[in-house]
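Heads up: the sequence shown begins at 10 in my numbering, then just goes up one per residue.
Treat the hints as calculated values from the structure; they're not laboratory data. Nothing here was measured: the structure is a model prediction, and the numbers come from that model. Be aware that one or more of the hints could be misleading.
[Claimed, not checked] Each pair of labels, with its calculated beta carbon distance range:
1) V214 to R258: 42 to 48 angstroms
2) T175 to R221: 40 to 46 angstroms
3) F119 to V50: 20 to 26 angstroms
4) L257 to S81: 43 to 49 angstroms
5) V127 to V251: 31 to 37 angstroms
6) P222 to R255: 27 to 33 angstroms
7) M138 to S117: 40 to 46 angstroms
Virtual Cβ for every residue (Gly too), placed ideally from N, Cα, C.
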Amino acid sequence: MQRTTRQQAAKDLAALRSAARATTVVPPSYPMLRMTLFALVNLTAAYTTLITIPAMVSSESTSTSNTLPSLSWTIITLFAFQTTAGLVQSHLHLSSQAAAKGKRRSQSLFSVLNTSIVIGAVGTAICHMFAVLFGAGFVHQAMETSQLACYLSLLTFYPASFILGTDFNGWLRIFVHNSPQTYTEAALYSQGMMAIFGAWLGSIVIPLDWDRPWQAWPVPCVLGAFLFYSIGAVVGLVVSIVMRQRALRIEFGIDGDDKKTEKIKDN
Numbered sequence: 010m011q012r013t014t015r016q017q018a019a020k021d022l023a024a025l026r027s028a029a030r031a032t033t034v035v036p037p038s039y040p041m042l043r044m045t046l047f048a049l050v051n052l053t054a055a056y057t058t059l060i061t062i063p064a065m066v067s068s069e070s071t072s073t074s075n076t077l078p079s080l081s082w083t084i085i086t087l088f089a090f091q092t093t094a095g096l097v098q099s100h101l102h103l104s105s106q107a108a109a110k111g112k113r114r115s116q117s118l119f120s121v122l123n124t125s126i127v128i129g130a131v132g133t134a135i136c137h138m139f140a141v142l143f144g145a146g147f148v149h150q151a152m153e154t155s156q157l158a159c160y161l162s163l164l165t166f167y168p169a170s171f172i173l174g175t176d177f178n179g180w181l182r183i184f185v186h187n188s189p190q191t192y193t194e195a196a197l198y199s200q201g202m203m204a205i206f207g208a209w210l211g212s213i214v215i216p217l218d219w220d221r222p223w224q225a226w227p228v229p230c231v232l233g234a235f236l237f238y239s240i241g242a243v244v245g246l247v248v249s250i251v252m253r254q255r256a257l258r259i260e261f262g263i264d265g266d267d268k269k270t271e272k273i274k275d276n
């Protein structure tokens, strides 16, 4: 009787291990070291384009007339940064997918760039529409609102488009249903959602009667988006590390084996 119980327990443990090996684990789009480097690049790009470059281009005057040219240089430089980083990410992502399927890459980087620019433009229109719905003037300061929308799109829609492309279900799954599956998707989700939240949070100080130059529209929203985008880059990296640890545990069946062993000991 005891021998039969041990044999049954051994069979159950072997079946559990084989099931753990058969569990589908979503691979990363690129290794964690590269993700760390990209997070640092994103932080550097956000800081450089928003703080350093406008300060070098604009005068030391703090009048609101400098808002438009400063944001223009910010958007132009951030677009260059995000395009370079996005093309590298897309190359790594497409290469890993092709290697996993054993096929050659079916999409060129030029077509990826064209698709991303279109999606970025659509994202700008969406951000502009929501800014107007939340109280921004439709005609009054429309140029400033457009610049804010473009800046938000460069932090959210544009970088994600290099990975997701025209995968509409992927966009819904990540940004509507809040269920990123890969490390890359977790990073994009954290950065994008935190940037939008920061822009909304920054608008709180605009109606306050402080008469400060940085209260001019849309400077608080841009600063809030930058600050929370930086936080989102760090949060996305931490979430990716946690997802990686869980994937490794599932792949090697660590948790399942431990629980099964405890049940066997109790019996």
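Consistency of the hints with the structure:
{"no.": "1", "hint": "V214 to R258: 42 to 48 angstroms", "result": "holds (44 angstroms)"}
{"no.": "2", "hint": "T175 to R221: 40 to 46 angstroms", "result": "holds (43 angstroms)"}
{"no.": "3", "hint": "F119 to V50: 20 to 26 angstroms", "result": "holds (22 angstroms)"}
{"no.": "4", "hint": "L257 to S81: 43 to 49 angstroms", "result": "holds (46 angstroms)"}
{"no.": "5", "hint": "V127 to V251: 31 to 37 angstroms", "result": "holds (34 angstroms)"}
{"no.": "6", "hint": "P222 to R255: 27 to 33 angstroms", "result": "violated (47 angstroms)"}
{"no.": "7", "hint": "M138 to S117: 40 to 46 angstroms", "result": "violated (32 angstroms)"}
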